[in-house]
Amino acid sequence: MNVQPAMSAAVAAQESPALEISGVGRSFHVGAGFLRKGKTLRAVDDVNLTVRRGEVLGIVGESGSGKTTLSRMMLGLMKPTDGSIRMDGQDIRTISRSDLSRKVQPIFQDPYSSLNPRKTIGQIISLPLETHGNGTPAERRAAVEQMMLQVGLPPRLIHSYPSQLSGGQRQRVAIARALMIRPEILICDEPTSALDVSVQAQILNLLKDLRETFNLTYIFITHDLGILEYIADRVAVMYMGRVVEEAPARQLMRNPRHPYAHALLGSMLTPDPTLDLPDLHLGRGFPDPLNPPTGCSFHPRCPKAMPECSNLAPKPLRNDNGMVECHLYREGNPQ
Amino acid sequence: MTDALVKGPAAEPEVIAPSPREEMRRRAKSHVGLIFGGTVVILVALIAIFAPFLAPYDPYDQDLTRRLVDPVWKTGNWGNILGTDALGRDYLSRLIYGARISLMVGFGAALIAGTVGSVIGILGGYFGGRVDSVVVYLINVKLALPGLLIALSLVSIVGGSVTALVLILGFLTWDRYAVVTRSVAQQLRGNDFITAARAVGASQTRIILGELLPNVANQIIVIASLEIAIVILIEAALSFLGLGVKPPEPSWGLMISEARNFMFFKPHLIAIPGFAIFLLVIAINMAGDGLRDVTAPEGRN
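Order-wise, the sequence lines are chains A and B. Residues in the first sequence are numbered consecutively from 1, following the numbering used here. Residues in the second sequence are numbered consecutively from 1, following the numbering used here.
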């Protein structure tokens with residue numbers, strides 16, 4: 001069989017992971033001014049993640065854990081200060097802005113701020129096509145109507161303005177816009193947390209269906225573990241800019257290993273009125289990211305903290321299907 | 001929404017709210033100030049455009065035998081409806097041609113100031129950082145300048161003409177546009193639709209012109225309407241002081257100035273152009289307020 005070079009390159013691209021994040025970090029200088037030395041805030045610190053094609057990776061963590069900074073770096077809107085992000089085996093720093101936009105697109109949390117209030121739905125959805133100069137106006141319009149049907153929007157809304165739409169419809173518009181240039185990866189930053197509970201399920205189902213139709217890879221950033229259980233294949237738990245545990249979604253839900261993942265699971269509210277608010281035993285609040293704790297950054301809140309936790313940072317312990325970063329787990333003692 | 005592609009427990013309720021444009025039209029129709037102000041401004045503009053057809057006489061034509069003729073309500077003579085001035089020129093014709101100067105200076109200066117100020121303000125607000133520092137510095141310098149004083153001295157150097165006034169007043173009144181557009185652009189820049197446009201690969205030019213500008217346009221129009229009124233008053237003041245439009249041009253401010261000597265004998269010579277200025281400025285102000293109410297109802301009060 002004579003395999004053409006182009007074919008083999010395509011096959012290689014198929015086999016390399018859709019997204020490879022290695023050693024990525026991002027620090028910000030805060031409060032620096034003239035003759036005044038600022039402090040360094042490490043929003044994201046040494047994150048290693050690999051996302052296979054067609055996979056749904058959930059990223060979970062409380063506010064300030066670096067989820068959104070990581071997503072902005074994956075979109076190429078912010079440059080990492082350390083490490084590299086590769087898509088289809090190619091470093092995103094070497095991919096042009098317009099090529100990168102064909103690979104990865106965002107879906108935002110707030111469908112009220114993500115749509116330009118002065119533009120019609122048709123104009124909003126066709127923006128990616130106009131930016132890339134694809135097709136004639138008539139072709140663009142046909143493509144927009146086709147996409148509106150696919151995300152469950154009646155095409156007659158094409159001349160409406162965002163203010164005339166409900167939250168769920170707006171989020172569908174945002175999804176349609178993201179899909180117009182057929183990206184491979186969708187980065188969904190809390191795509192349902194601004195919606196009513198009944199609409200959340202519709203949007204989640206839509207995203208699930210579109211994943212099959214368009215052969216998409218999702219990065220799902222959220223603080224709602226219930227959503228991840230439903231949609232994600234694997235989950236990475238972030239704390240203070242680091243990934244502290246990574247595991248298949250089901251395994252993480254049933255048997256969280258890191259104490260922080262355990263606490264997050266315990267924080268899920270159940271619709272049982274006899275139960276009180278869950279007690280997380282997390283003690284003090286989120287530590288000041290400008291003065292991170294020594295050793296393991298979780299030790300001041302950790303119910304299982306040991307003496308060594310306060311002075312020695314734990315090393316990541318990897319196995320076949322995940323990773324955990326905690327002194328409770330040692331090589332040869334995977335509990 | 002009975003489409004098969006819609007999944008989930010229940011389809012979302014259909015929302016058929018009126019479009020923003022329809023709502024705006026509805027608010028405009030019930031806004032008395034906007035209707036009154038807009039009508040007067042449009043009327044004055046039409047009079048200015050069609051001045052040669054409307055004016056009964058040449059506004060420059062002197063007739064020293066017919067000086068200081070009283071208006072029709074005193075003489076009953078319809079030959080010179082508003083009478084004549086000290087040089088025997090028909091007052092109505094001069095008033096009609098005067099509208100041209102007021103509007104040209106007002107709109108011309110607002111066009112220059114609006115362009116300069118909006119470009120500076122949008123760039124500063126959108127890009128932030130060093131660009132914004134420069135913009136803030138420029139705005140502060142402009143605010144520290146004694147505007148009227150500079151206008152006076154510049155006019156006395158280059159001489160008064162409509163072109164000179166438009167340029168000078170245009171480059172002296174851009175600060176309000178810059179301040180407002182900068183703060184609006186700053187608010188908009190953090191919105192996700194800007195991030196979405198960047199993620200789609202849109203250029204900065206496309207983002208500024210296509211995404212930002214439509215959201216700033218209303219504010220620019222509202223400031224412009226108020227600034228036009230201010231500039232018209234400045235032009236009248238400069239012309240009154242003899243530092244604006246030069247005689248024999250029929251500027252309203254100049255007409256008041258020329259009538260000063262006859263103030264106690266022929267008060268209508270001052271009252272007529274004075275009332276014209278008052279009416280035009282208050283109409284523009286009412287139209288501007290109305291525009292703000294209609295386009296940005298959330299910003300009322």
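Take the hints with a grain of salt, since some may be wrong.
Distance windows between CB atoms, simulated [as the list claims (entries may be wrong)]:
| id | chain 1 | residue 1 | chain 2 | residue 2 | range |
| --- | --- | --- | --- | --- | --- |
| 1 | A | N319 | B | Q187 | 47 to 53 Å |
| 2 | A | G31 | B | V136 | 38 to 44 Å |
| 3 | B | A164 | A | P137 | 44 to 50 Å |
| 4 | B | G129 | A | T274 | 52 to 58 Å |
| 5 | B | S133 | A | G226 | 56 to 62 Å |
If you want the footprint, here are the derived chain B segments under chain A, 3+ residues with CB under 8 Å [to be verified]:
| id | segment |
| --- | --- |
| 6 | 186 to 193 |
| 7 | 256 to 262 |
None of these hints come from the bench; they were simulated from the model. Here the structure is a predicted model, which means the values were calculated and not measured. For glycine and all other residues, C-beta sits at the position ideal for the given N, C-alpha and C.
Subject >> Numbered hints the structure breaks, given as an ascending list >> reply: 2, 5 and 7
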